[in-house]
Amino acid sequence: MKRSWPGGPVSLLLPFFACFLLFWAIPLLDGVRISLHSNEIAGPTHFVGLDNYRAVLSDPRHGTALKNTTLYTLASLGLILPLSLCLAFILKTAFKRLRPILSFLLLLPAITPPVVLGTLFLLVFHGREGLLNQFFVLPFGFKAINWLKDPDWILCGLVLQSVWRWTGFVTFFLLCGLEGLPKTYEESSSLEGARPWQTYWRIQVPLLGPMILFVMAYLLVDSFAMFSGAYTILGNSGGTNDAGLMMVTYTYQTAFAPFNAFGRATAISLSLLPWMFLLLGFGYLTFKSVGRPGREPVL
Amino acid sequence: MKAALTRWGLRFILLIITLVFVYPFAWMFFSGFKTNLEIYRPLQLLPESFGGEYYRGLFSGEWLHYGTVYGNSFLIAMGQALGAVLLTSMCGYVFAKCPLRGKPAWFMLTLLVILIPKQVIALPLLTWIQRIHLYDSLLGVVLPGIVSGVGVLFFTLAFRQVPDALLEQARVEGASEFRIYWTVLPLMNAALLTFGLIHFILSWHEHLIPLLILHEHVTLPLAMSSLQSSGLRFPQAIIMCASTLTILPTALIFALLYRRTRSALAELMST
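Residue numbers (this note's numbering), protein chains in the order written: chain H, 13 to 311; chain A, 14 to 284.
Excised from the complex, chain A in its bound form (with noise of 0.2 Å):
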């Protein structure tokens, strides 16, 4: 009785926090139909009447250029994560699986980068990248977001997992490393979908290197901070119709691939 009692009073507990975080997102959806009246009554949730005129308004270039902005968001975002994916979970086989002199010095860098993060270095970032010429390149946002830490780190631990049998078999036929590990590749994927779709979601979100090195070709973050500084005469529901629309890609990924990023991560813990 008294077991029941608790577990019905911590399902209360969880449930009002749950409506915490959720109900932001349900008053932004709605505010997307709102005038600005009533976008200032934050009391209020539902809107008067539902028109898309404000989702019309997004698109038709008057405020900002949201299709090509997004555009370049998905493609930087892409980018990065698809390169790091790559270049990190090569690094994170080597430092599972293969003898090499030095392998303790080439982890410290590693972890160095996770140390010492991109903000800390963005001001000589940005000399050195105009330097190069990729100064308001797209490439000059990816390949800067490729070097992660965190993903060498998160391989590392996956590729611990794989059976040394396997390898030692494919290295007693004379396969090379990189061949062993794109064979090895496809037993991860669960891992490499994970840490994916992390990279992905945070590169999304970057605000201070697109600010610094971006200036025509901008992103969503920097589109949307300038929208909402532009006044408050401005149709505030605009806004409200871009920040839900920022938000479908990385929710709605995480929601396809949320069950093998739970047993990935799982899976990394019972090691």
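Excised from the complex, chain H in its bound form (with noise of 0.2 Å):
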């Protein structure tokens, strides 16, 4: 190590930096070299060039599971965050007492290994006989449905698991944030006579700004990389027709068994990133124009 370097801060850095290089730097970088490289399994691989990106871009299943994933991350997101705002709304503004104990009962899900959801959707899903079908579906005059059988719903099944997961779990952090806010702003609003929904929506969750930021960037990587609940629901294949095929449930069949192509496998991943540097981005974007997290708080 160079002498003009400070060594103090420099080297409780390094054991973290270490840990980076050796199991998330190289593996990328090796990662750029397998997809630009033959798919042999046996025996050496050669350079290819692009061929492999290229053969991943003209297989349909690559849209596919492309369109899949990004209704599936959008539609969780889209319904998660809403519903946490509002059910941390009500448990700060109807409960006292029991508000600790209702969020912990919230949070269970989220606590819950996506493996155990397995199980839980035998209960949940189950063709006519489950839960939704008996007390959402059937009451209201429609036609049982296959949850995870009919192409038009499986997608619309893993969104609801994804929902029911991480609602809980997102209204505890804002829970939290809110209780970490000065009092001060709560007090003067209410003082000028606004109603407990405005004080909310208009002052205290633009104040929530970064840590909904958080959870949002946090939620849109996990379910980008959503495998775990596709894989014990639907196992490693798509469903029927495809249509709950997921971005890393494709990549892990075509890595191993029946394809085992590595290199293409890895051409998929990679070519994830500036997808997922977009989406991040455009979240970014619609958070601002509607969460207004800079803006100063009026009244």
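Keep in mind that the hints were calculated from the coordinates and are not lab data. Note that the Cβ used here is the ideal one computed from N, Cα and C, for glycine as well. Among the clues, some could well be false.
To be verified - Below 27 Å or equal to it, Euclidean Cα-Cα: the simulated DSS-like pairs (lysine-lysine) are:
| # | chain 1 | residue 1 | chain 2 | residue 2 |
| --- | --- | --- | --- | --- |
| 1 | A | Lys131 | A | Lys116 |
| 2 | A | Lys15 | H | Lys108 |
| 3 | H | Lys195 | A | Lys15 |
| 4 | H | Lys104 | H | Lys195 |
| 5 | A | Lys15 | H | Lys104 |
| 6 | H | Lys108 | H | Lys195 |
| 7 | H | Lys79 | A | Lys131 |
| 8 | H | Lys161 | H | Lys79 |
To be verified - Chain A side only, calculated, beta carbon under 10 Å to chain H, not exhaustive:
| # | residue |
| --- | --- |
| 9 | Thr31 |
| 10 | Phe38 |
| 11 | Leu56 |
| 12 | Leu99 |
| 13 | Ile129 |
| 14 | Thr140 |
| 15 | Val165 |
| 16 | Leu224 |
| 17 | Pro234 |
| 18 | Thr257 |
| 19 | Ile260 |
| 20 | Phe267 |
| 21 | Arg272 |
| 22 | Arg275 |
Starting from two chains that each stand alone, build the complex the way the hints lay out.
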């Protein structure tokens, strides 16, 4: 190490960045190399340039997987965020003593391994007998939906599991954030005669901006990389007509039997990156226009 | 009057939603005592009789070595949580409190880690792990799990709350940065516990990376998904028992640390 470097701080960074180099940067760069090479399982591979990427882009299943994953991500985010903002508001205004217990109960699905969801799905999405059909579909005079087989509904089922799983968690984060905000805004705006909902929506939610952004980025990356939920429910397949084919499942299928195309699979993973940055940017812009985090509280 | 009415209305809605969220867990717990026939009737909540035979069956080793698998999962989750807390809190301290040339560049690197999740680099990670002879070892899952960009971000925010005066005094006395970090650490215990807890839960759930890297030493998600695909004649109650016990540690730890977690998160927002 050079002497001119301030030795202290850097030595604190070193352990993390050593792990970063070994288990993140090297695999990523190695991935770029692998994706530019041919797909032989045994024996040496050779450089093929961008052939793998071209093969991926011309595969119609790539489009399907990308469409499904994007829809899944946007739908889950679009449902989870408003729902948990409302739940946090109700918990904050209508409950005092029960608040911690209720928010803990709402949180339970998030600390449940996605694999366990597979078992619970038997209960909820089960053909005709499932709870969803019994309580929310049949009573309204609709025909029972076969949630896990009907290609029109598979993705919907996956989104519902994501909503069920994450809403309580996001609510918990928002609630903690709200408790950390200074009380003065609330008091002064209620003196001015603002209703609680107005105070919440106009003042406190914008103040929560950084936390909402954090939660959103987290959810976005998590749903884009969604694997376990789809894997336990649909197995190593995309479901009927690939209607539930997710990006990670598609990559997994390509990398192992029956295709065994490791280079191509890596190309799939890496081709996701620009798309993910785009989604994140899009999310950030929507958030900026809707949530207005930078705006000073009025009133 | 109207306000009271709306309040009760809101309460009612929230209780219904809570019921929707919690009911499946009750069903799962009771299903650990049910025969297959009863389980395939999802509308039925309570079993006809409570006997512990499926729990005994779970630990008999007939279907899976539940104890060993549980131990593997626990070691991996614990290793990831402890490792990530230690390494990322050191980074967080430096980013929040130390003068350092090129700090934005280091920080950008950690943000990249958040943007490119492990699932994206899973395949090259597998070949790399094979090359450095960590394939099918618990360490091969723990070490990649330590690289948490979220952790660095979290601790950078948390360390900002430590007053500078405290650090300046220690610097004047000539303490090394590591020394200062170590002395400040106890002030941060709520934040440390919170992040450790979240990271523990995440690695307890992790599916893809262990699926690729582990072969013999499976973890709970792997064992359970192979149980689920093992056919319908097999007593489903075993899976229900396994699921119930899988949730238990995370729910328990969370319940114990609940108050601290809440105050740590509230503090993060108050800056």
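How the hints compare with the structure:
1. Lys131/A - Lys116/A: 24 Å, holds
2. Lys15/A - Lys108/H: The hint holds at about 19 Å.
3. Lys195/H - Lys15/A: 25 Å, holds
4. Lys104/H - Lys195/H: Holds: Lys104/H and Lys195/H sit about 13 Å apart, inside 27 Å.
5. Lys15/A - Lys104/H: Between Lys15/A and Lys104/H the Cα gap is close to 18 Å, so the pair holds against 27 Å.
6. Lys108/H - Lys195/H: Holds - the C-alpha atoms of Lys195/H and Lys108/H are around 16 Å apart, at most 27 Å.
7. Lys79/H - Lys131/A: With a Cα-Cα distance of about 21 Å, the restraint between Lys79/H and Lys131/A holds, given a limit of 27 Å.
8. Lys161/H - Lys79/H: Holds - the C-alpha atoms of Lys79/H and Lys161/H are around 19 Å apart, at most 27 Å.
9. Thr31: With a closest approach of 5 Å, the Thr31/A hint holds.
10. Phe38: This hint holds: Phe38/A lies near chain H, its Cβ roughly 6 Å from the closest one there, short of 10 Å.
11. Leu56: The hint holds - Leu56/A has a Cβ within 10 Å of chain H, the shortest such distance being about 6 Å.
12. Leu99: 8 Å, holds
13. Ile129: At 7 Å from the nearest chain H Cβ, Ile129/A passes the 10 Å test, so the hint holds.
14. Thr140: This hint holds: Thr140/A lies near chain H, its Cβ roughly 7 Å from the closest one there, short of 10 Å.
15. Val165: 7 Å, holds
16. Leu224: 8 Å, holds
17. Pro234: Status holds, d = 4 Å.
18. Thr257: 9 Å, holds
19. Ile260: Constraint on Ile260/A satisfied, holds at 5 Å.
20. Phe267: With Cβ-Cβ at 6 Å, under 10 Å, it holds.
21. Arg272: 8 Å, holds
22. Arg275: 5 Å, holds
Going through the hint list in order, the structure satisfies each hint without exception.
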